[in-house]
Amino acid sequence: MAGQPPGTFRMHTSLMQIMLMQTRHRSNRPCRLLSGMLCTLIAAVGCCLCLGPAVADVPDADARELVRIEAAVDRALEYLATNQKPDGSWPQAVSPQPNTGIDSLCLLAFMGRGHVPDRGPYRETVGRAIDGLLNARQPTGLLVRKGGNSHGPMYEHALATLALIEASGWTSREGLPETCQQAVDVIVAAQNKEGGWRYQPQPRDADLSVTVMQVVALRAAQNARLRVPQKTLEQARAYVKKCAKPKGGFAYQPGQGVKDAQSAAGALCLQLLGDYDDPDVKLALESLQAHDYKWHPRVRSQLLETQNADGSWPGWGEERLNGPAKCYSTAMAAITLEVYMHYLPAYQR
Amino acid sequence: MTPAQLNQANSMLSSLLVWLARSCGVGHELAARIDSVEWHWARPDLLIIGLLLLVPAGWWIARRHRERMPWLSPRQRHALSACRIAVLALLVFVLAGPSLRLDERVEEKPVVALIVDTSDSMQLPVGRLPAATIDGVATAAGLDPVAAGDEAAAVAPVEKVGRWSRGELVRAVLTAQADTTLRQLADQFDLRRYEVARRVRRVYDAAKPAGGATPQPPLDPFDTALGVAVEMAMDDASGRGLAGIVLVTDGRSTVGIDPLDAVRRATEASGGQPRAPVIAVPVGSIDAPIDLAVTDVLAAPVVALNDTVSINATLQSSGLASREVAVELRSADGEVLESRRMKLKDGRQQVVFQWHAKEAGTSLLTVAVPPAAEEAVRENNLVETSIIVSDRRSKVLVVDHAARWDLRFIDHAIRRDTGFEPTVLLTSTLASADATTDTATAGDGDAGAKLPRDVEEWAAYDLIVLGDVPAAVLDVARQKALVEAVSRRGVGLVLQPGGEHLPREYADAPLAELFPVTIDQAAGDGSATVEAAAFKPLRMQVTARGAMHPAFALSGDAARNRSKWSEMPPFFRAAAATGPKPSATVLAEVDAPASRAAIVLMAEAPVGNGRVVWIGTDETFRWRRNVGDSMFWRFWGQALRSAARRDDHPPDANWLVVTPDRCEPDSPVLVELNLVDESKKPVEAAVQKVALMPPGAAAATVLELRPAGRPGLYAGSFTPDSAGRHGVRHGPAAAGLSAGLSAECVVSEPSRERAQAGVDREALRSLADLSGGAVIEVADFSTIPYKLTKTAVEARTSLEDEIWDTWPVLLLLVGLYCLDVGIRRLSGSS
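Here the protein sequences come in this chain order: A and B.
Take the first sequence: its position 320, counted from the start at 1, is 325 in our numbering, and no numbers get skipped.
Take the second sequence: its position 714, counted from the start at 1, is 1109 in our numbering, and no numbers get skipped.
Hint data in this document are derived by calculation from the structure and do not stem from the laboratory.
Be aware that one or more of the hints could be misleading.
What the hints assert, rightly or not - Where chain A lies over chain B, by a calculated footprint (3+ residues, C-beta under 8 Å): (1) 509-521; (2) 956-969; (3) 1019-1032.
All C-beta atoms, glycine included, are put in the ideal place defined by N, C-alpha and C.
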């Protein structure tokens, strides 16, 4: 993350950090609260997966709260459907061309609510989004349009791979299985010697932030029974373990200090790689819960209270990424709330 | 005329009209509602002509009588002429068609439903009421008001009300308000009263404090069906104005539809407008009572022998924060298997125990926490759960063409379930030229798995789960082998069709023999599927028989199971299964869109020695909503186990099984009997009888079992209505058995009502908000009539009735005739 130029597609600010900031300072800047929403997703899903201690709070929302959550998500999806472009993409300001990362997040927001291809009220919306992602495929297998990425394409590629693999469980579109496999092969080929990934699809350096996205995509690929070499997963595990700190938590890169966002990412990586009982997972979760034990209901309340009347959510400091419509922030908020649905197979235990 | 005389005249006129109306056949009630009466002639022209002709006719009659009957006195003659003229006048009257038009004024009072909770939780103490409301509650309950400054007297109602149960407080309030608030409600509205516990009962003397002169027996108090009561009140008032629903309760609904859902459905049905405001009257203290409860225990229903399984208990506490307690896991004989100390905090907490399954069979476990001295309810400090320990593992082959979401979730869950040895095979990953090569990508133990070719290869598995596999891959030879493996070798088969291959490509294929349903191949433009409209998804409805099936086992109450499973999230596509085959049992169905008949969603049928289960949708992943695997795998795990080949109940042996073996009163129990003779051939008969032995009953009753799909298998059901051990026995004489067969079902009353002691004010608030109603405290009970705003509807209707064919006209005619004859007789004229 260090050295990343301003204005690029960054999704690193930790929910945990922000929740902590809010707890300590109670500032009047709600925009700061949810600015790192991808990590919100990672943390939310990660912590839900990890509820295995002997004594823990009940994670699921009660029935009445769930009705509110679903209503909020439904309004968000209506907003996204309204703002979808004819080519299946969504407006954004991350890149000059349609950005497959944003499009994938929007697609995942629909599928996370159970709106799957070829059935239901959003069949056209979801179908256009899948076609759009398929059309973005490069000859190399990279799922990023030319001029449609930010600092580096691997975030977008991992998100698009994840979205297409999840969609492949529902549709027999021509070329979809091959595209998914090719996208996985790109990820496999881009793994560096340490076992991690970085912004570019070449095996050079690595960081945990990009790595967690690739691991989620590989997990989805495993679920879909695509070819994922065991060696790739072992090396990824080794890299994540290198980022773990002895006293708990994970660093952005080996040798650096602990960051809450990376702790969530590291814990999630190890869980998705099957190491649910790894001591580093337990330590990382303990360190996160020590900051704010009841963060999850607070995130939920914050999202429910800050939704706009049109179903969208504000950008929380990342308005510049939204562009003419608030699709990015809306998709992220919807995905965060959809953790209660337990629908996306990639995140199952 | 003086005003008094005018009133008297009006009254007489009104009475005359009412008399006339009643003479015309109008009933008492209707006559009392008559607003105005108008006289009409059907043929006024005939009336005028008749009256005009009546003058010369009258003159002519009088003249003839004077000329022809000179011996009569003038008085007799005039009377006789008058009779004849009157008869002619009556004829004119009848020919003119006189009729009365009655304008009826109908005032239709809107309905108010008063629903009173009479469940077991209403026997809990009211608890301490806030000082600010105690006077109001005491007044509402008919206790003497406290004089200002009289502190000693102020204590009395506080203590008295505090000692009461919630039910006693409700009775006191209804008694005290009978002549005021209830009477006012009855005057303004059509007051309808209901009592709700597990069932709902209409009370027909709504304004009386006890709901009528004859006390009714309690309604199975171990549950509260608030949502059902709300629905019933709304249904009863259909076609009428419903001013409101007054709900007097502690807010705990433990069975049936959620009251919020009932209100939501009614709102949807009435175009987005709330059907009626719900006025919720919470009964009980605002403060949660001091209580510690084990509210829930989650554990896998079936585990493998020597497994270590997690038993997840949820505790709910209030008023005991920071206290340390020991939560214990106990065996059936009371031995403490594990104890965990934990510090309480207000709200919900979870405790996870690890339990080692050492013995095969059913293990009854109890999670208990010792009650604190100051606890309001002590019955909720323990919860029992039973776990079946299986000493065998079922080999399962899951075959699908693509990794559909259901398969992705099943794939993970089945690997965690130690009762299965799964192999998952995606036919899309098989080499296109030779379907026997392995799945090169699996890398998780399934590499080398092959799609079976012959009976032996299929029969190597106890269960096959077949998804949306193309018929080109599952060729005819393989299908025939599978049919043979199921029917002869007892292999279980679960079919989960999709939208592309199964069942569309198997219309005339051998595999179709195994379908427990008939398929409409033309549905969905030839895809043999039914698709829901965009915003009107399909909803699963579990049948009464399905609620008894092991796949849907959840609690000991079949109705509760049925309700819970029928609340699963809706979905969009199902296979077009239009009906069950003769041997099949329908477990669940959906109301199909566009006026089609109901679609069979799930069905089961015995096929030879095997069992086939049909699961007609690939969207069961939606059951993960908010709870993850707990409902999803509960269903799938139980469905797979029920279908898999079983050594304990083979078709060539005698056995008697009851399902479930533990349940609640009034929950149906399925009895299955398999009979073979000494040469292991099935015993075939039109009916088999088993004896039912309820606990404490002197004599057994007979239950008839009917053939259930394959020779030798019989099934029937009974509904135990009391707690205890209900035995089922089949005597040896019936089939020449060396020994009788027996089974039993343990029936116990649930303790859900007291699981949580507090009043659920949040639920009542939500209900009031959603319906546009309000929450009214007991102290403000008398304000309820003023919260209900819907006024009576006045309707006018007209009733027109001819009056010539009424008894006064007949009487007049007979009178005239008699008078005429009498005069003639007396005068000697005839």
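Okay, the hints, checked on the actual structure:
Interface restraint, the stretch 509-521 of chain B with chain A: violated (0 residues with C-beta to C-beta distance below 8 Å; minimum three). Counting residues of the stretch 956-969 of chain B whose C-beta lies closer than 8 Å to any C-beta of chain A gives 3; at least three are required, and the coverage claim holds. Residue count for the stretch 1019-1032 of chain B with a Cβ under 8 Å from a Cβ of chain A: 6. That meets the three needed, and the coverage hint holds.
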